[in-house]
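Engineer: Take a look at the letters that make up each chain.
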Amino acid sequence: MTELMLHPDRLLPSETSTREIARRLYNEVKDLPIISPHGHTDPEWFANNEPFGDAAELLIRPDHYVFRMLYSQGIALESLGVPTTDGTPVETDPRKIWRTFANNYWLFRGTPSRMWLDYVFKVVFGLNKVLTKDTAEEYFDTITDSLQKPEFYPRALFEKYRIETLATTESPLDDLRHHKKIRESGWQGNVITAYRPDPVVDPEFEGFVENIEELGSLTGEDTATWAGYLAALRNRREYFKSMGATSTDHGHPTAITADLTLADCKALYSKALTGHCSAAEAEIFRGQMLTEMAAMSIEDGLVMQIHPGSFRNHNPQVFAKFGRDKGADIPSQTEYVNALKPLLDKFGNDTRLSIILFTLDETVYSRELAPLAGHYPTLKLGPSWWFHDSPEGMRRFREQITETAGFYNTVGFNDDTRAFLSIPARHDVARRMDCGFLAQLVAEHRIREDEARDVALDLSYNLVKRAYKLD
Amino acid sequence: MTELMLHPDRLLPSETSTREIARRLYNEVKDLPIISPHGHTDPEWFANNEPFGDAAELLIRPDHYVFRMLYSQGIALESLGVPTTDGTPVETDPRKIWRTFANNYWLFRGTPSRMWLDYVFKVVFGLNKVLTKDTAEEYFDTITDSLQKPEFYPRALFEKYRIETLATTESPLDDLRHHKKIRESGWQGNVITAYRPDPVVDPEFEGFVENIEELGSLTGEDTATWAGYLAALRNRREYFKSMGATSTDHGHPTAITADLTLADCKALYSKALTGHCSAAEAEIFRGQMLTEMAAMSIEDGLVMQIHPGSFRNHNPQVFAKFGRDKGADIPSQTEYVNALKPLLDKFGNDTRLSIILFTLDETVYSRELAPLAGHYPTLKLGPSWWFHDSPEGMRRFREQITETAGFYNTVGFNDDTRAFLSIPARHDVARRMDCGFLAQLVAEHRIREDEARDVALDLSYNLVKRAYKLD
Amino acid sequence: MTELMLHPDRLLPSETSTREIARRLYNEVKDLPIISPHGHTDPEWFANNEPFGDAAELLIRPDHYVFRMLYSQGIALESLGVPTTDGTPVETDPRKIWRTFANNYWLFRGTPSRMWLDYVFKVVFGLNKVLTKDTAEEYFDTITDSLQKPEFYPRALFEKYRIETLATTESPLDDLRHHKKIRESGWQGNVITAYRPDPVVDPEFEGFVENIEELGSLTGEDTATWAGYLAALRNRREYFKSMGATSTDHGHPTAITADLTLADCKALYSKALTGHCSAAEAEIFRGQMLTEMAAMSIEDGLVMQIHPGSFRNHNPQVFAKFGRDKGADIPSQTEYVNALKPLLDKFGNDTRLSIILFTLDETVYSRELAPLAGHYPTLKLGPSWWFHDSPEGMRRFREQITETAGFYNTVGFNDDTRAFLSIPARHDVARRMDCGFLAQLVAEHRIREDEARDVALDLSYNLVKRAYKLD
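Protein chains in written order, with the working numbering: chain A, 57 to 527; chain B, 57 to 527; chain C, 57 to 527.
For reference, chain A alone in the conformation it holds in the complex (with noise of 0.2 Å):
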């Protein structure tokens, strides 16, 4: 059985100076503490601090990432036991779900996946073979065993991982129940909440009547009203910051914005309400909240994010029996420049807004989103997201970005992981490989290396601060 190695110089560049240098850089970068202010763990973790489960339904049932790949294989869902909303039996039993897990791991070769997962296995539960079938069963003890100890409890762990302050996301229509145990525990760890306002502010999204009545019951605003309407969004960003927020987040299939008339305003408002917006219509609709959000935003400070171009739900097989966040949500081409151009018209300089803007096509980190963000004062990039949060994915984020927006137009790293237990692993990576693209530019003498250490300590800790106000 082969030992489970994470070599310590893993991710940075092979030629010698130059991994020299990256070396250098990265050990002052290394142990800093980890800011994580966008992404989708779940606040009960560390509201109730209660045992993970078993390594099946830790490591692979909620992974989309783990179990899309397998499906991709002809590994049915329902063998590794994702839940069905039909009422498909699934399987139940995790060592067979961890040992179809193990039988397949050589799948993962090349992808971040793998990596993450490896620092899991050797850092948190200290494994010192690699997974295989023959030691899937070794593995599931251990790892099984280890949940139930205090130590591995959400609340120790993220101690443990030392984590200045994590945000989860939240829709407004959500009480923060959670949040609120955590803050009146005592507990110090520093668990703030973002304001994801999809489920009522896009007229496509389930429920989306029935959400703004609720909007209106929970805020006591009159919710038939567009003037009703913005004032309950207000005011439950308001609550949202009470509750920690210093971020909105919105997760459009395009980047479209709009700065439509009040009286189209109120009309569209109305159509909305009907429940019968077409898709253009909708299309508008949700390109105007983006604008009153950017209002609202330079009201009360909340930094805006933009996450827009994924096609969500392409299998509707897949989606009927499983649901949403199973795997299927497929990028498309994303067009910024003349999208983004009705709100920055209206807001694009105006300081006191701060829009962190994010892609899933890279084609456009050189030609507009760079350009752009080397210009507007309201515009900076979040790092490489979802299918792009990997090596090839930073370091052509990094190729293709630095040299027309700088690093000072880019916000650090955010995870956006709903796996607590791979945070430390992801920011790992990219540490590593903002260290190895900032020891390139040394070796070839295009920063020197007193800038560089300045730099990796921006990218690493410093940016991510100042770009969510979190200091």
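The list cannot tell twin chains apart, which means a pair is met if one copy fits it or any two copies do.
Result set (EDC-like, lysine to aspartate or glutamate): computed pairs, CA atoms no more than 20 Å apart in a straight line: (1) Lys185 - Glu507; (2) Lys237 - Glu294; (3) Lys185 - Glu505; (4) Lys189 - Glu59; (5) Lys327 - Asp315; (6) Lys86 - Glu76; (7) Lys178 - Asp190; (8) Lys185 - Asp510; (9) Lys216 - Asp201; (10) Lys397 - Asp385; (11) Lys86 - Glu500; (12) Lys86 - Asp174; (13) Lys189 - Glu507; (14) Lys185 - Asp506; (15) Lys382 - Asp406; (16) Lys377 - Asp406; (17) Lys377 - Asp401; (18) Lys382 - Glu134; (19) Lys189 - Asp506; (20) Lys402 - Asp385; (21) Lys178 - Asp197; (22) Lys525 - Glu294.
FYI, nobody ran anything at the bench for these hints, they're computed from the structure. The structure displayed is predicted, hence computed values, not measured ones.
On the provided structure of chain A, position chains B and C as indicated by the hints.
Structural biologist: This is chains B and C only, laid out in the frame that chain A set:
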């Protein structure tokens, strides 16, 4: 005169430690048999086993990679002996054609053609000086003389090249007489066909209406009806299977698929038979036929290949004078996420179906193809194609595909060539580049070397065998 | 205070053996004269040969690369002395402007501006410490004092820089008085003009209708008619040729070309003269004018340059206050395969015509531009442009172009700058990057070193001379 060298380390990474890993990997795969499951060689060569003609006829006149470059620099196609369709006389002296080529061989610096040709010159013909105007005569004589020797006959080269399987590509209207002759000859070379129905499924194909009639005669089916048409296509698929075919191939302008009602299919087919489809109707018809072909593949097990995105015959003057395939096909932007949805909605989760996707638009690697193939069990990705069948093209393919789709949603290499002599050169380039890519992963401690060796064997041999059902 | 170093190996590959090859190649080209066939320097400098102003006036106020980055970080353009068009007062103290710049110079880490500026500081002004707030005063004084000395006058720098030819860019309405004065002065510096007809061929250009009238007066042609208009354009081309022009330049929003009937041309031109073209009509008119310009180029031999794809003045607030060219031009997606077809259908095979294509959309390098230039004898590719005139931009250009188009369908480097002092720095970056790229090919045994040396000379000097007919 400069020596012609094929350096043993060519294309391997230049950094010492990485190159050593790459050498070890390459040594494991360099002598594996060649499987060439997709290409455009002429089966007549192997049926009749007659000597190839002279140097110009073999290496220049049929190679659009070669004469497109010369043409781009103002060298007339006539002077290269490219036959005209309008009767304009062209150069007929092969030696003069060869001289024109030799005098301009420096234009190919940095191109894959240069690497393929040098390989053929050195390995096949034993030439030891580089090709320049000073060695043009020696080259012409050596190559032309050699071709007359039995060891340079098609079957002998096939065996010398250790080709395990070679697929050609034929229209359903082809009677496959050459394949029949090969089979009946007792020769052991495994030359199979592939089913390329473009002439009978594309209403814009030259002679479509007549082709359909011919399809009817050939099969005894009533191709005046939709049902008879499908039966005829099915019939020819069976015949192709009996001649070794394991795959179909589809060269559409876009990746669009459709899933029309039966009534709409019938109506659209009737319209197509009149020869008066609009461009939009032709597009939908082709799209529908991809879905029909997928349905037939589920029945008969033929693997589907989709090669979209070439703007054929972009240069009307060249087309008018010289016809198709004269280096004037230009890639264009190609969308997959929406285009494939009708087909995928219907069959995307059916593990009996296997579709291999290709592209000429590299922007879709990380944005569309890797995410699609990393989810749908029916989808696999073909290697970097045509203009991208090159060292840098292969590097970009692996760098942009692997992290999301892994290695095992790709299908190894295929050469797609009509230049038979270059087949080993092309496979050698692919093996070197894959080993170099893997060596980089090993050097950066992203996979272990023992894994890289397994992957190298898979990419060079095992995957293609499995993907094309040649095992 | 840190020493300002320009490392002799800067931008060369860091791997030892590759760097040694690169050094040898670079040594062959580093001292070649500079040919700058496309740029935006002011001919008045060389006509009058008066000293440049102070450090801020020379290096900050006119350089949109510099102030766009500062602006993106919230620094007001007013504080940088950028003149307003609406009368808002701006900072006038050059020393204060310089301090603002110096305090923020770290923002340029990793950008080409930083490399160009450091080169100017060190090589031109002999500065030995890096620019920070601590050295701001010393920098300002040294630069401003130097500029008063004769050896820093425009003509002296031109000679010191060993510029063999420098092209500026003028409107057909320009009387070229400065070029005339240069020619009459007896000074030997070869400063030529280039014909940029945007103001008289783009119906959306500010003052188009008046421009056409002025064109009529200037040439004595009746520009109220289509024939007279073409004659007037032809007339000015002749005049520009007499002042050294060898090329035209076209800065259109897209690459669209058209080939209308004469009747449609006349009708569309009449409409344009009313000043009421729709956006679509203006687009077609510009497209038609590209085809007309190609026809004239076949007559008079001027090389055409097409620079499409910039969304000019994207920021209306900045435009209203500061006017054009203030760092708010943003690239957008640009299509060539269909857009150029009307022009290419007509003239694409005419070897008397030479068109040099540029792009701000890197996705077209491998997909569209290299295949087009690798086929059409009329087409060549300009170097990586504007935002992509950078080390990584150049690397991507060569990596994505060369395998399909070779080196000889490219035209060497041009700087496209209005920042005269940075010209040698920019050419030096290009020579280093090209030598590095070639060294990599040599190190991987893809070309021989003797060939790489020839190519390096071609890319640095010979190709540009031939492509712009300067030989």
